[in-house]
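We have chain V; now place chain G onto it with these hints.
Residues per chain are reported as follows:
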Amino acid sequence: MKPTVHRSFARCRRMAGLALLCVLPGWARAAELHLPAAVEAGQAFSVHVEGSGEASFYLFGPDHVVKRTVSLGSDLQIQSSDVRTAGRYQAILCDSSCTAAMFDVKAAQPAHLSFFLHPSRVPVSSPGSIDATAFVFDQYFNLVLTPAAVEFRVTPASGTGFSREVSTRSGVASMRMDSTPHEGRVQVTAVLGKVEEARVIQQVAAEACGLRMKAVASGSLVTLETDPVRDCSGNALPEGTVISFTKIDESGKSTVDTPIKKGVARVQFSVHGRAQISVACGVVLGNEVALNGKL
Amino acid sequence: MKWGLVTFLAVATALLVALAWLQSGGLKQHAMFSAATPEEAVQALMSQIQNRNYQQAYASLDRSSDTDQASFIRDVAGSDGSLRTYSSLQTAEVSPLHGDRDRALVRVRMNWSSAVGSLDDVRDLHVRRDGSVWRVVWPKSALSAVPPQVLPVNYLSWDVIGRNPSQSWGGQEEVDAPKVRITSMNAISRPGRVVILGEVENEDTVPAYLNVNATLLKADGSPIEEEGSFDLISHVLLPKQVSPYRIDFPGVRMDAVKSVRMDARALLVPASADPVIAVSDQAISKDALNRNVLKGALVNQSGRPVNIAQVLAAYYDNFGKVIWVSNGYVDQALMPQVPVPFAVDIPDDIAARLKNYRVIVNHYSQSSH
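Chains as they are written, first to last, in our numbering: chain V, 1 to 295; chain G, 296 to 664.
Wrong hints could be hidden among the right ones.
Have a look at the derived ranges for each label pair, beta carbon to beta carbon [what the hints assert, rightly or not]:
hint, chain 1, residue 1, chain 2, residue 2, range
1, V, Gln276, G, Ala410, 35 to 45 Å
2, V, Ser278, G, Pro434, 34 to 44 Å
3, G, Arg556, V, Ser278, 28 to 38 Å
4, V, Ala149, G, Pro565, 48 to 58 Å
5, V, Ser170, G, Phe525, 45 to 55 Å
6, V, Arg212, G, Ser359, 31 to 41 Å
7, G, Pro565, V, Gly184, 16 to 26 Å
8, V, Gly219, G, Tyr659, 56 to 66 Å
9, V, Glu165, G, Arg476, 28 to 38 Å
Bear in mind the hints are in silico, worked out from the structure with no lab data behind them. Using N, Cα and C, we set each Cβ at its ideal position, and we do this for glycine too.
Chain G on its own, in the form it takes in the complex:
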């Protein structure tokens, strides 16, 4: 009876310890430190990143990795209020590219969920054998250092003084809303949807907050559906600035549409003319997954960080007609003067027809100028 109790307590304690080990990710850690194949090593690393165990993830990297812990965490978890800091890793698809006995190259396609939708990040990682286990060699972050300097910037902004509601009718008028004009509109049929796209210009001398809506009409003039451009437009347009827009109508067939009613609504808003973001080295190419992309780099020409940037690209055919508008978010913050790469998808049929393109950048900064 006495020995029975002792045995029971010992078994129960061992079970509880095992449970706690499993609970604390011991199994994953074990898998990470005992990865028998390159794919297992990358998969285990992704699991740690998904669970935000960055220190353990860093500890599992190969010693030849040219990065320190802070840089690694900044690379995978984001920094400076960037979109990555508001994202979490949902899935990671691992596929081997090639390898030998001691080294391998593994492609990982990370899918991050963020406040603006899912974002893909494709990386080719080198993996190295370390005794009986494989370890990932994490590359050094490509952030270039900008020397300390003083950057003179003349900040230009617009403030708006609204109407005083205590005044009698006609006693004080509201300032007119900005004048905007839809300079082009094109309706195209895409698989499973109708798409309205084009460009809109702020013709006024004050900034505008803009929304473009479209209503598809039947032959009898009755509406089929109304949609807005949502985030496929630059909502804040400075004087004489031109933005592309795209409005999707999923589930609508082109042959049901007789005409389209467009509506551009502009509001007068306070705005800043800074920061200026240059879009450099734009070129059409193929990405790692062999998709057509428009690549380039964003350069924040001001002296303060831009937290979140969105790239909007309009594509034109031989006749200068807008044939597609695509967008993409950049999950790194734009630090002053540092080029940050971007890539936006182009459908294959559009890539075959496009003659020219134009890129503009939407941005969000926590510290307003």
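Only chain V is shown next, with the shape it has when bound in the complex:
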């Protein structure tokens, strides 16, 4: 439920409770309600109510309201479905007069993990670039505020994995880690008891490093092909990365932005006279080739 809905519902609940207490007289003669101070979410419980006859029972919770007619002098049953949401509850019992009591419902045992792993793509060898955050919930999706130990298991595509245990604070456990020097997928699994949630991020090559091309002449045409394009850790740049070739000769300037396919970028130019050809990948410059009009 959205926080705004929560707020407006809580406001209505308070106003309804206040109105009920103000309108109904005879506060001094009210039957007493003895409720436990705290209850676990989803746990049914009963309360003995003294007196005789019938009364109206109201239960105002964080996300719902219950009205029931109860017999005084017997046990008042609070069903598990009435206390599934953690938070502060207000109980009101009215016969000829009204009495009220408050109690808290706390989250049950951890049963779900909401796990976020950012970013979904990260360049290799970037310190502190991966952020793993786990939120611990009970079976009714109440945030479990009592500290719990969440284990983060990191399994890279190559190399050995490792794990780190982090205790939750206010229901949240998080850790930061570096990306490794090798590209590929990295699986991170958040574990809490029998609950596991896995996410995958892609470690991708960083900027091109040592970009080089070679020229092969054929008639008035020259074919330029880069060496396999890699970053400084030796990882191949992804397919589709744009490589820019620029040729300047007697006919003017020619440019081709071509994607890497099968690890290399290839382009063909017709050359007129002396030519200077350069290659670049984004803001990274590669080598230059000078052709002296002899092909």
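Frame of chain V, contents of chain G only:
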């Protein structure tokens, strides 16, 4: 009384026939086939093209024209889903260049309205006297023929699988948006406007759909105006691709601007790495109207037509700073391996200062790869 009725019917019939003749363009046709001067001949031809009467326009051409009807229609009306097929001729300014008794050279500046704005097409047409009338000699279309061949192309594309909305919160995360970076930004003052220009790079390993917005701020930090780069940017950027951008603020004076807030927003989109379009034979020169232009040719290196192409050019000064960004649409389709010429305007003061330039091509194809 009897003769009066007959006379009335005859006059009425003659009037109706004359009206129908005028209605069907008879006057224009008459003008075209009885053009007494070279300018009249070109003007009449332009009128027929404007009215999309291509057959009559072709029939009025001089017999020495080195073109067939299909090529002529393709030349003036466009083909293969090109921008010209979505355009209509708005105006044609005719001016004589030189001539003698039998031959003349006439310059026509055609202004076409299209889906992306108005486009100019300047042509110098030869006109020849044919008896008592002048006729236009239409040149053969410069389309070079590419021999039949099989072109192996490894198509590379990116698909995106979005988040499943039925999953609970945190149950399945969206893939991050691409990381883009504005690598340069320059604010300049132009007559009647402030212009923000520079370059932006897709630093990520996935394609990005990009928008660059700028907000001009006063000295107290309050905004003056916000604008986007609209079509003066390559919106789809492949990994490591760099695009120039230009944002115009008409009616804003530079002395009112204290600072500029830039905002580059990128979305992850499916994209294709093909077709690759080469930009060849780029050179700064003057066009027929003596304006500074950057000329060159686009070569579609794939095996399928590209319907609409847009050229974006960034100009740099001695220090490598972007000093201007201009664009131009090519109204011909880019057929495989066929060079198609382009020219984009450069303001005179920019042409005097520019040291280097870089051209990229935006393209649209009806048949996606």
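Fill in: Gly184(V) and Pro565(G) - C-beta distance against the hinted 16 to 26 Å
holds (23 Å)
Worksheet entry | Status of the given 45 to 55 Å range, CB of Phe525(G) versus CB of Ser170(V) | 46 Å Cβ-Cβ, so the 45 to 55 Å window holds.
Worksheet item: Between Arg212(V) and Ser359(G), does the C-beta distance stay in 31 to 41 Å?
Response: Roughly 55 Å apart at Cβ, these two residues miss the hinted range, so it is violated.
Practice prompt. With 35 to 45 Å as the target window, see if Gln276(V) and Ala410(G) comply at their CB atoms.
Written response: 39 Å Cβ-Cβ, so the 35 to 45 Å window holds.
Worksheet item: Is 28 to 38 Å a correct range for the gap between the Cβ atoms of Arg556(G) and Ser278(V)?
Response: holds (35 Å)
Worksheet item: Between Glu165(V) and Arg476(G), does the beta-carbon spacing fit 28 to 38 Å?
Response: At roughly 37 Å between Cβ atoms, Arg476(G) and Glu165(V) fall inside 28 to 38 Å, so the hint holds.
Worksheet item: For the pair Ala149(V) and Pro565(G), does the Cβ-Cβ distance stay inside 48 to 58 Å?
Response: Once the Cβ atoms are compared, 42 Å apart, the range 48 to 58 Å for Pro565(G) and Ala149(V) is violated.
Worksheet item: Honestly, do Gly219(V) and Tyr659(G) meet the 56 to 66 Å range at C-beta?
Response: violated (34 Å)
Worksheet item: Taking the CB of Ser278(V) and the CB of Pro434(G), does the distance hold inside 34 to 44 Å?
Response: Roughly 37 Å apart at Cβ, these two residues keep to the hinted range, so it holds.
Checked against the numbered hints given earlier, the structure breaks hints 4, 6, 8 and satisfies all the rest.
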